[in-house]
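Visitor: Listed here are the chains, written in short residue letters.
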Amino acid sequence: MSEKKASVKVRNVTKYFGDFTAVEDLSFDVRPGRIFGFLGPNGAGKTTTIRMIVGITAPDEGTIEYAFSNDAGREGHRDAGMQPQVNKGRGVAASPRLRVSNFQDRIGYLPEERGLYKKMKIVDQLRYFAALKDVPRALADKRIDFWLERMDLAKWKTKKTNELSKGMQQKIQFISTVLHDPDLLILDEPFSGLDPINVEFMIEVMAEFKSKDKTIIFSTHLMETAERLCNDILLINKAKKVVSGSLREVKASYSKNLIALRVAGGDEVLGDKSLVENVVEHSDEKILQLVPDADSQLLLKRLIDSGAEISKFERVEPSLNDIFIEQVGN
Amino acid sequence: MRKFLAVVKHEYKKIVLKWAFLIGTFLFPVLGVGFGVVPAIIFSLRGEATRIVVVDKSGSVLPRLKENLTAEKIETKAEEAAKKTLKDINASQQEKMKRGAEQSAAGFVFVDYEVGAKSSEQIRSDLVSEIKAGEIDAYLLIPADVAAENAPFEFRSRKGGDFVANDTLKDALNQAVRSQRLTDAKISETQVKSLSRDIEFDAKGLDEKGEETNSDMLMGASFVIGLMIYITLAIYGQVILGAVVEEKDTRIAEILFSSARPFELMLGKLVGVGLAGLTQLGIWTTSLGILVGYLSTQGDGSEIFKRLPHITPLMIGYFLLFFLLGYFIFASVYALIGSMVTTVQEGGQFALPVTLILVTGYLFSFMVIRDPNSSVSFWVSIVPFLAPITMPVRILAEMPPFWQIALAIGLNALAIVGLIWLAARVYRVGMLMYGKRATIPEVWKWIRQA
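Just so you know, the protein sequences line up as chains A and B, in that order. Per the working numbering, the very first residue in the first sequence carries number 1; after that it's consecutive. Per the working numbering, the very first residue in the second sequence carries number 1001; after that it's consecutive.
So here's chain A without its partners, still in its complex pose:
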């Protein structure tokens, strides 16, 4: 029904801090309407990359291109109907410096290091953050009430930050990132410091944003969560890209052609060295290592033909956790 809202193209981006290369020749696409998981160990360059996408810093080399829909759905906003923009590195003549804040109005950013004014009323800070995203006052007030209600924080509206618990402050911070109804949400470690109930709640909100065709980039250490939420992933380590693509493709490419099998009979098929390289006996099932390029469908067919009784036949895919450890562990 509505067109996909935002996409980002990162092309050959490099960022130096003095002699240290924080991000090296990084390229990837964030496709519209999908959840993009940005994974990597501490110090890999995730936050640096995210800061460049948000427009806080500019790349030293390479470009980041944004495409936002010309969308009448952003009613009440002054920036409806925007041309594609580029955050280019220094020295690029076309760098649209003056319009940098323009594309920033379409991005909602939840930094890893959270921050609120300690002695200011919740409603005042939210209004200020909304004003900085160029949201008209009346619209901002409406959304503040909506989100405070939804987060069950309505009665804290006129309280000051230092009267709130850590978890509540996290939720306020999240509200501040969505007040301008961004098309692109960038969440740096959105689940850190949240209790399990609130983690579930955040996941729910992210799923809801996705269902509205918004694009979400988020970084996390929690591989299970990433596996559950992401359509696409990017794994970086030591400033460089290690793995990227859709979750499905990545998993398939890391598949070692393993089959978990629970079967009675069919021993001669399993002994066929042109198909099965190795069999490891577990307590109630076998793990088969197929020869490279072997067709698991053919194996299944021959097992059935041989009259073996199959109660389980499953391609074993590596978990994201396995891939992470394999790629980053050494």
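Source of the hints: derived by calculation from the structure; they are not laboratory data. Every residue gets a Cβ at the ideal spot worked out from N, C-alpha and C, and that includes glycine. Among the hints, erroneous ones may be present.
Taking lysine to aspartate or glutamate and the EDC-like style, the derived pairs with C-alpha atoms no more than 20 Å apart in a straight line are [as the list claims (entries may be wrong)]:
{"id": "1", "chain 1": "B", "residue 1": "K1066", "chain 2": "B", "residue 2": "D1171"}
{"id": "2", "chain 1": "A", "residue 1": "K160", "chain 2": "B", "residue 2": "D1249"}
{"id": "3", "chain 1": "A", "residue 1": "K166", "chain 2": "B", "residue 2": "D1249"}
{"id": "4", "chain 1": "A", "residue 1": "K166", "chain 2": "B", "residue 2": "D1171"}
{"id": "5", "chain 1": "A", "residue 1": "K119", "chain 2": "B", "residue 2": "E1246"}
Quick list of simulated restraints, FRET-style, between CB atoms [as the list claims (entries may be wrong)]:
{"id": "6", "chain 1": "A", "residue 1": "D19", "chain 2": "B", "residue 2": "T1342", "range": "22 to 28 Å"}
{"id": "7", "chain 1": "B", "residue 1": "V1344", "chain 2": "A", "residue 2": "N321", "range": "40 to 46 Å"}
{"id": "8", "chain 1": "B", "residue 1": "M1367", "chain 2": "A", "residue 2": "V178", "range": "46 to 52 Å"}
{"id": "9", "chain 1": "B", "residue 1": "K1159", "chain 2": "A", "residue 2": "K160", "range": "54 to 60 Å"}
{"id": "10", "chain 1": "B", "residue 1": "W1403", "chain 2": "A", "residue 2": "F17", "range": "25 to 31 Å"}
To give a feel for the contact side, a few chain A residues facing chain B, derived at Cβ under 7 Å [unchecked claim]:
{"id": "11", "residue": "I56"}
{"id": "12", "residue": "Y109"}
{"id": "13", "residue": "P111"}
{"id": "14", "residue": "E113"}
{"id": "15", "residue": "Y128"}
{"id": "16", "residue": "A131"}
{"id": "17", "residue": "A138"}
{"id": "18", "residue": "E326"}
{"id": "19", "residue": "Q327"}
{"id": "20", "residue": "V328"}
Given chain A's structure and the hints, the job is docking chain B onto it.
Guide: This is chain B only, laid out in the frame that chain A set:
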């Protein structure tokens, strides 16, 4: 632009809509008056009377001394002194002098002491032991030959620190001895009085139009203006430092930078806080103006207010303008420092040299008051950093030629442009550097690279 205005509004409201601002705005004048009035009140409070024994070996000084310490004599003296500075004395001032004189006179109680045939040593030890016993507070030994050179007048008191009373006694004694010497030399007192009368010194300044100005109250008024600008610059510089460090320390900077350009954010902060300072200064100058205006229409004290230097609206405009120039100079330096450091305390240490410059400017203003047209006054009222304090003082002391004011405004505006350019570069990088204070070489690199 909308975002810039949002920042300005946010910073302005953050300061002005706080109790601290309200209290500060009204407390400062109260404190100022307090600093002027309280010491005067304290000094006018007199302790208990000094019980004194006077041993007069000359036999002629004591009666004169006693006479000089009567209320009438002290009052006459004070009146003569006052007439030298004030042309005419009104009733309330007369009343005040009379009360002061009575107080001074009541400050001494003469205690009798039988000298007999005792030697000086004996008298001394007698009196010292009386002082020790607390029966008397002081004694005075007057030598036999008061005309002799180096004739010792020995005064010992257990209230040696009561300089007001001691001065009164010394004056009275001096006068008594002097007139005794004159009498001894056969010169009549009226003769001496008419011969040693002070001259009438008619001192008035000339303004640039060659018209006479009154310089008596200049020092006070310039002092107040200089102090007001100095204090507001120091206070609002600190406000900037605190606000910048807060945004860095709480990591709010990261959210702000994801919404607006660092330059907009920094300049918005400077302008917002500056407007708050201007509001405060505006309230002060306006209420001061109203107060002076009201008092000068009242009978009492009108003499003093008439003698205040004439302050025109143009001058007030200049004061506010130079306050703004000074504010942007110092605030941009404070913003630069704030984005380098990690805590306000650290920032305070770094800002010390800046604060010293501010103090230097204030100290120079005293020199400017004394000699507003010297070449040193010219230079300190032109150079950036000092001019925002010294030029308003100079304008008040004696309006300098317009080209000099324009030059000062131009130079300081240039300095502001340069400093904001520098501060913005440091701010952009520094605000995202957490954990440790930036070193000077690092900051230099940011400035060059950005």
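Visitor: Are the hints correct? Go through all of them and say.
Guide: Consistency of the hints with the structure:
In summary, the hint linking B/K1066 to B/D1171 is supported, as the alpha carbons are separated by about 12 Å, within the 20 Å threshold. As the CA atoms of A/K160 and B/D1249 are separated by approximately 18 Å, the hinted pair is consistent with the 20 Å bound. For the hint linking A/K166 to B/D1249, the alpha-carbon distance of about 17 Å falls within 20 Å, and the restraint holds. The hinted pair formed by A/K166 and B/D1171 fails the criterion: a straight-line CA distance of about 74 Å is larger than 20 Å.
Among the hinted pairs, A/K119 with B/E1246 is consistent with the structure: their alpha-carbon atoms are about 11 Å apart, no more than 20 Å. A hinted range of 22 to 28 Å for the beta carbons of A/D19 and B/T1342 is consistent with their spacing of about 23 Å. A C-beta distance of roughly 44 Å is found between B/V1344 and A/N321, which places it inside the suggested range of 40 to 46 Å. For B/M1367 and A/V178, the Cβ-Cβ distance of about 60 Å falls outside the hinted range of 46 to 52 Å, so the restraint is violated.
Between B/K1159 and A/K160 the beta carbons are some 56 Å apart, a value that agrees with the proposed interval 54 to 60 Å. A hinted range of 25 to 31 Å for the beta carbons of B/W1403 and A/F17 is inconsistent with their spacing of about 49 Å. Proximity of A/I56 to chain B holds as hinted, the smallest CB-CB distance being about 4 Å (cut-off 7 Å). A distance limit of 7 Å between C-beta atoms decides the matter here; for A/Y109 the minimum to chain B is near 4 Å, and the interface restraint holds.
This hint holds: A/P111 has a C-beta 4 Å from the nearest C-beta of chain B, less than the 7 Å allowed. Hint on A/E113 holds. Least Cβ distance to chain B is approximately 4 Å, under the 7 Å limit. Hint status for A/Y128 relative to chain B: holds, with the closest Cβ pair at about 5 Å, below 7 Å. Nearest Cβ of chain B to the Cβ of A/A131: about 4 Å, under the 7 Å cut. The hint holds.
Because the smallest distance between the Cβ of A/A138 and any Cβ of chain B comes to about 15 Å, over 7 Å, the interface hint for this residue is violated. For A/E326, the suggested interface contact is broken, since its CB lies about 32 Å from the closest CB of chain B, more than 7 Å. The closest approach between the C-beta of A/Q327 and any C-beta of chain B is roughly 28 Å, which is over the 7 Å cut-off, so the hint fails. With a least beta-carbon distance of about 24 Å to chain B, the hint placing A/V328 at the interface is violated under the 7 Å criterion.
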